[in-house]
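> These protein sequence lines are chains A and B, in that order.
Using numbering that gives the first Met the number 0, you'd call the opening residue of the first sequence number 0 and step up by one each time.
Using numbering that gives the first Met the number 0, you'd call the opening residue of the second sequence number 0 and step up by one each time.
Just so you know, these hints were derived from the structure itself, not from any lab.
A hint or two may mislead.
[Claimed, not checked] With a cut-off of at most 20 Å between alpha-carbon atoms, the simulated SDA-like pairs for lysine to any residue come out as follows: (1) K19/A to D42/A; (2) K157/A to V123/A; (3) K42/B to K19/A; (4) K4/A to D198/A; (5) K22/B to T181/A.
[Claimed, not checked] Only part of the chain A face toward chain B is listed, based on derived beta-carbon distances under 8 Å: (6) A15; (7) V18; (8) R21; (9) G55; (10) A58; (11) T59; (12) L82; (13) G86; (14) G92; (15) A94; (16) K143; (17) L146; (18) R184; (19) F187; (20) V191.
The beta carbon of each residue, even a glycine, is placed where N, CA and C say it ideally should be.
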Amino acid sequence: MAAKKNITLGRRAVVARIVKDRGDMLMVTGLGSTTWDAAAVGDHPNNFYLWGGMGGAAATGLGLARAQPDRRVMVLTGDGEMLMGLGALATIGVAAPANLAVCIIDNQHYGETGMQETHTSHGVNLAGMAAAAGFAETTTVWTKKDLETALPLLYRTKGPVFVDIKVTTDAVPMILPMRDGTAIRARFRQAVLGDRAYD
Amino acid sequence: MAATKKKKAAAVTWPAEIFQTLKDADIGQVSYVPDAGHSDLIKSCLADNRIKTTRLTTEEEGVALSLGAWLGGERSALLMQSSGVGNCINMLSIIEETRSPLLMLVTMRGEWGEFNPWQIPMGQGTQKSLEDAGVIVYHVNDPDDLSETVYAASQIAFNTYRAVAVLIGQRIIGFKDWRK
Numbered sequence: 000m001a002a003k004k005n006i007t008l009g010r011r012a013v014v015a016r017i018v019k020d021r022g023d024m025l026m027v028t029g030l031g032s033t034t035w036d037a038a039a040v041g042d043h044p045n046n047f048y049l050w051g052g053m054g055g056a057a058a059t060g061l062g063l064a065r066a067q068p069d070r071r072v073m074v075l076t077g078d079g080e081m082l083m084g085l086g087a088l089a090t091i092g093v094a095a096p097a098n099l100a101v102c103i104i105d106n107q108h109y110g111e112t113g114m115q116e117t118h119t120s121h122g123v124n125l126a127g128m129a130a131a132a133g134f135a136e137t138t139t140v141w142t143k144k145d146l147e148t149a150l151p152l153l154y155r156t157k158g159p160v161f162v163d164i165k166v167t168t169d170a171v172p173m174i175l176p177m178r179d180g181t182a183i184r185a186r187f188r189q190a191v192l193g194d195r196a197y198d
Numbered sequence: 000m001a002a003t004k005k006k007k008a009a010a011v012t013w014p015a016e017i018f019q020t021l022k023d024a025d026i027g028q029v030s031y032v033p034d035a036g037h038s039d040l041i042k043s044c045l046a047d048n049r050i051k052t053t054r055l056t057t058e059e060e061g062v063a064l065s066l067g068a069w070l071g072g073e074r075s076a077l078l079m080q081s082s083g084v085g086n087c088i089n090m091l092s093i094i095e096e097t098r099s100p101l102l103m104l105v106t107m108r109g110e111w112g113e114f115n116p117w118q119i120p121m122g123q124g125t126q127k128s129l130e131d132a133g134v135i136v137y138h139v140n141d142p143d144d145l146s147e148t149v150y151a152a153s154q155i156a157f158n159t160y161r162a163v164a165v166l167i168g169q170r171i172i173g174f175k176d177w178r179k
């Protein structure tokens with residue numbers, strides 16, 4: 000069973016490595032640890048931080064990807080957040096946005112509520128579900144080498160792309176980004192749309 | 000029954016009128032969970048190559064998708080049946096907290112001549128639930144008022160950055176007469 004493999008990657012090092020290559024990529028982060036991760040490795044106006052709406056990160060990324068077909072869009076979210084909105088995998092598979100990548104930071108636990116196990120601790124294979132839903136490219140990352148192989152998928156391969164990255168449950172410092180939703184929305188739209196953000 | 004029969008016999012023009020209104024309001028994306036009452040409007044949207052349509056598995060995806068579309072500079076509309084409103088409640092918080100627009104067109108069940116008792120709880124709670132979640136609601140029962148209401152709702156949504164729902168009354172859609 001895949002879930003029994005040894006997990007060694009730390010979430011912050013993984014997210015830092017991913018955003019190092021971000022270029023002009025637009026990123027939507029999901030409620031919980033991935034929003035803190037994105038802030039910890041470097042706040043950016045092209046980050047849209049969800050602090051609520053659990054289960055909505057992937058669908059938010061889909062709406063953005065369809066509105067901005069010439070920009071790369073990445074959804075960075077957790078296994079628990081993705082599990083709450085699994086239907087979005089089917090919706091994205093069918094909509095087939097070429098510019099969308101969904102990246103799961105999968106520690107196999109609900110990190111914000113006391114580290115209870117999620118279904119991915121018990122063999123649920125998110126990348127397999129995405130593949131079955133029609134994603135163009137899917138993979139599960141277990142090692143540093145896997146991660147390097149997956150980076151071009153996240154940034155360049157014709158999507159929709161789904162990358163599930165297995166990370167440890169090691170504690171990391173909680174670093175919070177801005178949390179006023181109107182400010183996060185306004186800053187992001189300004190970054191994407193310029194002055195058209197205020198039409 | 001006579002009134003319902005007459006309504007069914009008359010040409011139904013409101014789906015085409017709403018479609019034109021969505022075009023006038025510069026809607027670039029339409030997402031939907033199908034409903035019989037929305038079937039003509041969905042067909043029109045699918046046939047329009049300037050509207051990007053997204054078929055959803057559940058209505059809350061459409062709320063999140065509408066936020067994403069707005070983040071990318073596009074106006075969208077979300078079509079659903081009243082039962083789908085219940086699926087949206089927590090996701091509506093991301094619209095309110097970010098002061099983003101949301102335009103929902105909701106066909107009603109469980110309110111007028113309903114046969115299926117299982118439709119009553121959500122149908123009767125639709126408007127209250129939306130209002131409790133911070134959504135501005137227009138409930139329309141006259142087909143002649145529909146397209147103007149949808150246009151007005153779109154102006155509130157996109158000019159004042161608010162969630163707005165237009166409830167299309169079951170009286171407009173007509174109800175199944177199960178005795179036939």
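> So, for every hint listed, does it hold in this structure?
Status of the hints after comparison with the structure:
Only pairs whose Cα atoms come within 20 Å are accepted, and K19/A paired with D42/A is accepted, the gap being roughly 12 Å. For the hint pairing K157/A with V123/A, the CA-to-CA distance comes to about 25 Å; that exceeds 20 Å, so the pair is violated. Taking the CA atoms of K42/B and K19/A, the gap is near 44 Å; set against the 20 Å cutoff, the hint is violated. Between K4/A and D198/A the alpha-carbon distance is near 51 Å, which puts this suggested pair outside the 20 Å criterion.
Pair hint K22/B plus T181/A does not hold up; C-alpha atoms about 27 Å apart against a cutoff of 20 Å. Taking 8 Å as the C-beta contact cut-off toward chain B, the hint placing A15/A at the interface is violated, the least distance being around 24 Å. Violation of the interface hint for V18/A is found here, the shortest Cβ-Cβ separation to chain B being roughly 18 Å, above the 8 Å cut-off. Taking 8 Å as the C-beta contact cut-off toward chain B, the hint placing R21/A at the interface is violated, the least distance being around 17 Å.
Annotation: G55/A was flagged as interfacial toward chain B, and the flag holds, the nearest CB pair being 3 Å apart, inside 8 Å. At a threshold of 8 Å, the smallest CB-CB gap from A58/A to chain B is about 4 Å, leaving the interface hint in force. For T59/A, the interface hint holds, since its Cβ comes within 8 Å of a Cβ in chain B; the closest pair sits about 4 Å apart. Taking 8 Å as the C-beta contact cut-off toward chain B, the hint placing L82/A at the interface is violated, the least distance being around 14 Å.
For G86/A, the interface hint holds, the least distance from its beta-carbon to any beta-carbon of chain B being 3 Å, beneath 8 Å. With a cut of 8 Å, the hint placing G92/A at the interface with chain B is violated, because the nearest CB-to-CB distance is about 10 Å. Restraint check, A94/A versus chain B: the minimum CB separation of about 5 Å is within 8 Å; hint holds. The criterion of a C-beta within 8 Å of any C-beta in chain B is not met by K143/A, whose closest approach is roughly 31 Å, and the hint is violated.
Because the closest C-beta pair between L146/A and chain B is about 26 Å apart, greater than 8 Å, the hint is violated. For R184/A, the interface hint holds, the least distance from its beta-carbon to any beta-carbon of chain B being 4 Å, beneath 8 Å. The criterion of a C-beta within 8 Å of any C-beta in chain B is met by F187/A, whose closest approach is roughly 6 Å, and the hint holds. The beta carbon of V191/A is positioned within 8 Å of a beta carbon in chain B (closest approach about 6 Å), and the interface hint is therefore held.
Taken one by one, the earlier hints fail for this structure at numbers 2, 3, 4, 5, 6, 7, 8, 12, 14, 16, 17, listed in ascending order.
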